[in-house]
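*Asks:* Once you have looked at the hints, place chain A on chain G.
As given, the protein sequences belong to chains G and A, one line each in that order.
When we follow the working numbering, the leftmost residue of the first sequence carries the number 1, and every step to the right adds one.
When we follow the working numbering, the leftmost residue of the second sequence carries the number 1, and every step to the right adds one.
What the hints contain is simulated information worked out from the structure, not anything from laboratory work.
The model shown is predicted, which means the values in this text are computed figures rather than measured ones.
Some clues are possibly wrong.
If several chains are the same, the list does not tell them apart, and a pair holds so long as it fits within one copy or across any two.
[What the hints assert, rightly or not] Result set (DSSO-like, lysine-lysine): computed pairs, CA atoms no more than 30 Å apart in a straight line: (1) Lys-139 x Lys-328; (2) Lys-72 x Lys-317; (3) Lys-328 x Lys-185; (4) Lys-172 x Lys-328; (5) Lys-317 x Lys-185; (6) Lys-317 x Lys-172; (7) Lys-317 x Lys-12; (8) Lys-317 x Lys-328; (9) Lys-185 x Lys-12; (10) Lys-317 x Lys-139; (11) Lys-172 x Lys-12; (12) Lys-139 x Lys-72.
There are 2 protein chains.
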Amino acid sequence: MAHDIVSEISPKPGDRIEDLSTPRPIIDEDRMAGNIARVQSYMDAHGLNFRPHIKTHKIPALAGAQVAAGAKGINCQKITEAEVFADAGFEDILITYNIIGPEKLARLSTLNERIGGLKVVADSNYTVDGLSAWFATRKPLTVLVECDTGGGRCGVQTPEAAAALARHIAGKPGLIFGGLMNYPKPNSAAATQAFLAETISLLKRDGIECAIVSNGGSPSLFDAHLVPAATEHRAGTYIYNDRSMVRAGHCREEDCAMHILATVVSRPTPDRAVIDAGSKALTSDLLGFSDHGVVVGYPEAVITGLSEEHGVIDLSKCTGPRPEIGDKVRIIPNHTCVVSNLFDTMVFHRDGVITRVEDVAARGLVW
Amino acid sequence: MAHDIVSEISPKPGDRIEDLSTPRPIIDEDRMAGNIARVQSYMDAHGLNFRPHIKTHKIPALAGAQVAAGAKGINCQKITEAEVFADAGFEDILITYNIIGPEKLARLSTLNERIGGLKVVADSNYTVDGLSAWFATRKPLTVLVECDTGGGRCGVQTPEAAAALARHIAGKPGLIFGGLMNYPKPNSAAATQAFLAETISLLKRDGIECAIVSNGGSPSLFDAHLVPAATEHRAGTYIYNDRSMVRAGHCREEDCAMHILATVVSRPTPDRAVIDAGSKALTSDLLGFSDHGVVVGYPEAVITGLSEEHGVIDLSKCTGPRPEIGDKVRIIPNHTCVVSNLFDTMVFHRDGVITRVEDVAARGLVW
Numbered sequence: 001m002a003h004d005i006v007s008e009i010s011p012k013p014g015d016r017i018e019d020l021s022t023p024r025p026i027i028d029e030d031r032m033a034g035n036i037a038r039v040q041s042y043m044d045a046h047g048l049n050f051r052p053h054i055k056t057h058k059i060p061a062l063a064g065a066q067v068a069a070g071a072k073g074i075n076c077q078k079i080t081e082a083e084v085f086a087d088a089g090f091e092d093i094l095i096t097y098n099i100i101g102p103e104k105l106a107r108l109s110t111l112n113e114r115i116g117g118l119k120v121v122a123d124s125n126y127t128v129d130g131l132s133a134w135f136a137t138r139k140p141l142t143v144l145v146e147c148d149t150g151g152g153r154c155g156v157q158t159p160e161a162a163a164a165l166a167r168h169i170a171g172k173p174g175l176i177f178g179g180l181m182n183y184p185k186p187n188s189a190a191a192t193q194a195f196l197a198e199t200i201s202l203l204k205r206d207g208i209e210c211a212i213v214s215n216g217g218s219p220s221l222f223d224a225h226l227v228p229a230a231t232e233h234r235a236g237t238y239i240y241n242d243r244s245m246v247r248a249g250h251c252r253e254e255d256c257a258m259h260i261l262a263t264v265v266s267r268p269t270p271d272r273a274v275i276d277a278g279s280k281a282l283t284s285d286l287l288g289f290s291d292h293g294v295v296v297g298y299p300e301a302v303i304t305g306l307s308e309e310h311g312v313i314d315l316s317k318c319t320g321p322r323p324e325i326g327d328k329v330r331i332i333p334n335h336t337c338v339v340s341n342l343f344d345t346m347v348f349h350r351d352g353v354i355t356r357v358e359d360v361a362a363r364g365l366v367w
Numbered sequence: 001m002a003h004d005i006v007s008e009i010s011p012k013p014g015d016r017i018e019d020l021s022t023p024r025p026i027i028d029e030d031r032m033a034g035n036i037a038r039v040q041s042y043m044d045a046h047g048l049n050f051r052p053h054i055k056t057h058k059i060p061a062l063a064g065a066q067v068a069a070g071a072k073g074i075n076c077q078k079i080t081e082a083e084v085f086a087d088a089g090f091e092d093i094l095i096t097y098n099i100i101g102p103e104k105l106a107r108l109s110t111l112n113e114r115i116g117g118l119k120v121v122a123d124s125n126y127t128v129d130g131l132s133a134w135f136a137t138r139k140p141l142t143v144l145v146e147c148d149t150g151g152g153r154c155g156v157q158t159p160e161a162a163a164a165l166a167r168h169i170a171g172k173p174g175l176i177f178g179g180l181m182n183y184p185k186p187n188s189a190a191a192t193q194a195f196l197a198e199t200i201s202l203l204k205r206d207g208i209e210c211a212i213v214s215n216g217g218s219p220s221l222f223d224a225h226l227v228p229a230a231t232e233h234r235a236g237t238y239i240y241n242d243r244s245m246v247r248a249g250h251c252r253e254e255d256c257a258m259h260i261l262a263t264v265v266s267r268p269t270p271d272r273a274v275i276d277a278g279s280k281a282l283t284s285d286l287l288g289f290s291d292h293g294v295v296v297g298y299p300e301a302v303i304t305g306l307s308e309e310h311g312v313i314d315l316s317k318c319t320g321p322r323p324e325i326g327d328k329v330r331i332i333p334n335h336t337c338v339v340s341n342l343f344d345t346m347v348f349h350r351d352g353v354i355t356r357v358e359d360v361a362a363r364g365l366v367w
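Excised from the complex, chain G in its bound form (with noise of 0.2 Å):
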């Protein structure tokens, strides 16, 4: 029921941005094919594979976007996130995550058999031999071995272990070592460098190949051809941009292609504005800021507090004109994935002209 209202209320190619009800976040086009193209770009010049995450977007046709770039494969968190893309027909499908547990399994092996390139990690014998215990039977699994190079998140912990646990997948029936995937921590290539390095390297003495080396993160994402180890690059946010990544200097504040359209719905005092996005619409995603988004044309408002449905908005340092009851203004979330993940559809623009309306179709996905 609830998503038949939302279908109701959609807006349609040709519509334009500003008569959209809020809150809604929008994407423009032409940042969004900037940011595609620069990146790649980046990429090709380094002579790296890339490996887009689709979190980011949860929507097939812009991961279409990213392959026809020059990306190769994509990245996803969950095993319903590649069934979705599975679906709509990409093969080379990286899941950087350890599968634990039967159901999960079950239906890893089934999206194993329907498509040629999916690919796991594993960053234990537990998860391994889990695996192991599923695929011996069936048809093989690739896993790579998760490292961690100092992210402080999952991965083995040292360049021995991580060639220890390639021996071990190495050894297991139904499984084939992939390689090595690291989500490193920002400014650390040398480190991220050197982990890897070494593992290919004890890795080698036993004749054991590392067929792909998965560097990742946004955080990372211009320093990927300072880890030559690496094959590949996995990042996500740069498609859409947002807040972090201008604070990081990977985009400029006119590169953030999603924007959330909101309206001031109230102005009780000269100080404080009230508009309609919330930690509903905006998440409370602080990423080490200590307010909530940028709002754009009042560069010197602050997004103070977020309830569900309101945004607070601090005024008093603004020195020019004031957002007024009934304007509508843009939000650049700190954070672009997570918005994403709040809302069934999204709508694309370009100079303000709705060009369609995508279903976030591996959005809700449970697990």
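*Replies:* Then chain A, alone, in the frame of chain G:
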């Protein structure tokens, strides 16, 4: 397509919680029923009408249970939420929002024609004049004045301004003045009472009655009786409860009906566990906490960081057993309402056996 996949993997009544793939929010039926009964008893004991906010669950069947327990009407934050609940048979609906813009006004009047008890709020002449321009030629709409008694969000700033806006509503074609509404600062019942009582008194001199005086908020839930000027109280979170409600002293940890079931997918170091619940399952809402939820059964474990599909847990303070890879854990979220908004379905259980799976019918509605 996404939703077809979800339905394929939806669990069924009779399945056991421990067999669910993760991450997945689950609701304990008995705890939820206890929460509904306890808060309704408090309201009944003080002769207060209670109007639950459905934003917490977005599920008509749950609002039905709240009304069956004695609640008088429901509270929505969006027109589209109200439409879903009107479809389910609810008539007494207060939308606590300034409704602005032609598309929303058109839908609001359609809804007003369908049900008898629709009410909205306004805190400015701008909103009121927009409503009047639309409703002057249609079935009249009931409008309450939103007052800022200290909460610092929307609302007129003084009793005099509230009275003036009430008179403005009362004099406008197409509108019926319905009373007052506020969302107070926590622990400020005296200030709330003073603001509301003064406004009521000012209006009484003009012969204007406040049929509804709607006080609200989960933080102020058990202070409702300290605001005798109010005729009703609104709150949402109590039905599931969460870590913020435990901290506020409004419930015990064993009253938290929502858990996020998660699996330990990695134990990269002795002091670090990584679970498959990240910001796309728990949200980044901190609500004043410095970490991301309670790990039930591991009181010294701290969820220090979330990425989208990973939660990083610091186990260094754990004196007892530590969760191992493959273990399932239950997380009490900081804020339950925003978790509901991420999932298309919600699983309910009693003593670990699934009782039902409800569509989160009002999730994903843009405005």
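*Asks:* Next, verify each hint and record whether it holds.
*Replies:* Okay, the hints, checked on the actual structure:
{"no.": "1", "hint": "Lys-139 x Lys-328", "verdict": "between (54 Å within a copy, 28 Å between copies)"}
{"no.": "2", "hint": "Lys-72 x Lys-317", "verdict": "neither (47 Å within a copy, 43 Å between copies)"}
{"no.": "3", "hint": "Lys-328 x Lys-185", "verdict": "between (38 Å within a copy, 28 Å between copies)"}
{"no.": "4", "hint": "Lys-172 x Lys-328", "verdict": "between (59 Å within a copy, 26 Å between copies)"}
{"no.": "5", "hint": "Lys-317 x Lys-185", "verdict": "between (35 Å within a copy, 24 Å between copies)"}
{"no.": "6", "hint": "Lys-317 x Lys-172", "verdict": "neither (63 Å within a copy, 36 Å between copies)"}
{"no.": "7", "hint": "Lys-317 x Lys-12", "verdict": "neither (38 Å within a copy, 54 Å between copies)"}
{"no.": "8", "hint": "Lys-317 x Lys-328", "verdict": "within (20 Å within a copy, 48 Å between copies)"}
{"no.": "9", "hint": "Lys-185 x Lys-12", "verdict": "neither (42 Å within a copy, 41 Å between copies)"}
{"no.": "10", "hint": "Lys-317 x Lys-139", "verdict": "neither (62 Å within a copy, 43 Å between copies)"}
{"no.": "11", "hint": "Lys-172 x Lys-12", "verdict": "neither (53 Å within a copy, 35 Å between copies)"}
{"no.": "12", "hint": "Lys-139 x Lys-72", "verdict": "within (23 Å within a copy, 59 Å between copies)"}
Against the hints set out earlier in the document, violations occur for numbers 2, 6, 7, 9, 10, 11.
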